[in-house]
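Generate the whole structure from the sequences, applying the supplied hints.
2 protein chains.
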Amino acid sequence: MPREIAERGDAVAALAEVFREHGYSGSSLARITQQTGLGKGSLYHFFPDGKEEMAEAVLEEVDRWFSEHVFSPLLDPVAPGRGIERMFETVDRYFRSGERICLVGVFALGDSQSRFGARINRYFSTWTEALAAALKRTGLTDEQASETAEEVVVGIQGALVLARSRQDPKIFSRALRRLKRSIPVSE
Amino acid sequence: MPREIAERGDAVAALAEVFREHGYSGSSLARITQQTGLGKGSLYHFFPDGKEEMAEAVLEEVDRWFSEHVFSPLLDPVAPGRGIERMFETVDRYFRSGERICLVGVFALGDSQSRFGARINRYFSTWTEALAAALKRTGLTDEQASETAEEVVVGIQGALVLARSRQDPKIFSRALRRLKRSIPVSE
DNA sequence: GTCTATAGATCGATAGAC
DNA sequence: GTCTATCGATCTATAGAC
Chain A
1 MPREIAERGD AVAALAEVFR EHGYSGSSLA RITQQTGLGK GSLYHFFPDG
51 KEEMAEAVLE EVDRWFSEHV FSPLLDPVAP GRGIERMFET VDRYFRSGER
101 ICLVGVFALG DSQSRFGARI NRYFSTWTEA LAAALKRTGL TDEQASETAE
151 EVVVGIQGAL VLARSRQDPK IFSRALRRLK RSIPVSE
Chain B
1 MPREIAERGD AVAALAEVFR EHGYSGSSLA RITQQTGLGK GSLYHFFPDG
51 KEEMAEAVLE EVDRWFSEHV FSPLLDPVAP GRGIERMFET VDRYFRSGER
101 ICLVGVFALG DSQSRFGARI NRYFSTWTEA LAAALKRTGL TDEQASETAE
151 EVVVGIQGAL VLARSRQDPK IFSRALRRLK RSIPVSE
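Residue numbers (this note's numbering), protein chains in the order written: chain A, 1 to 187; chain B, 1 to 187.
Every clue listed holds true.
When chains are identical, the list treats them as one kind, so a pair holds in a single copy or across two.
Taking lysine to aspartate or glutamate pairs in the DMTMM-like style, the calculated list, with each CA pair at most 20 angstroms apart, reads:
1. LYS51 <-> GLU61
2. LYS170 <-> ASP142
3. LYS136 <-> ASP76
4. LYS170 <-> GLU129
Keep in mind the hints are simulated off the structure, nothing from the lab. Fair warning: this is a prediction, and the values are worked out from it, not measured in the lab.
Listed below in structure tokens is the structure:
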């Protein structure tokens, strides 16, 4: 029987949920060991630089995951419309239709902004620019594409904040529906 | 010469900026005393129940301020269109055109969500419902009004997250402009 | 690799002088 | 009301056994 957490990659996934739920300062090592089942020995074996390295690894993994599953499909040269469609589907699944919040957003609003600012900035700018590029290839002007891309990313983040605040995931679903509609149809 | 902080009300205003910038767990008493200039003696004199009472007082003050300056104008029975206009102006000023973030949003995404959940929920539902009521009185159907109100509050919060993340307040200004446009004109 | 024990700093909170 | 001193708890991180 395999252990639940046998390597660094598994540890990162478990850490992500802790940081997502409690933020950076709210995630004490005591809480981390408890929620992940990993002892301090294991944690400092995988992440010699401690909590900051854990958070860095988590942010890096989120970045990697979005690059592969969200940003890359948007940049697919053959089907911009299809890439955008897929983005909405993937995002809906990733955030569990509004039950999950965005870890990068949590870090952006929290006290960890100064610590991880560069990575946070890059995550959102990469997303916005990839979406703008796809929109442009559906026929929008540069300005329309940039503006619409920003509107979509803003709308997603805001919907996650409100869904969490009001404990109502449907807020997120409704926002996704509105945002999809706001995009000029193309085929 | 008057002291900078002579009463509880002034303390609350100073505390708000600390919590806004560092979140709940990120605002240690050491940081609070340093940033506000208030000693622990004074803080515990004003807030006998400590840090949690400080945060409660700050949230209460934000609630009170928005009720007076944002929600009430929306509910003004004579001029729904004018109330909505004023809401955008007031919100733009309050968030310093995107340089400031929403303290309630910070608490909502942070680990303080469980502690202050009821108040956070109420803040956003009051806002959304007041705006929906105003929109309805401009002639929108119940459903259009609710949907548009949600879109606006979501858009504002998302824009604050992105403006902070990308260190670009203009993201907030652009979002406000789009949201104003999304509202059916009325006079 | 993972455990226990613990160091050293910082946490929120309190006491008592003034 | 505000200060300094300090409590016990908790924090991040490390050491050393296995």
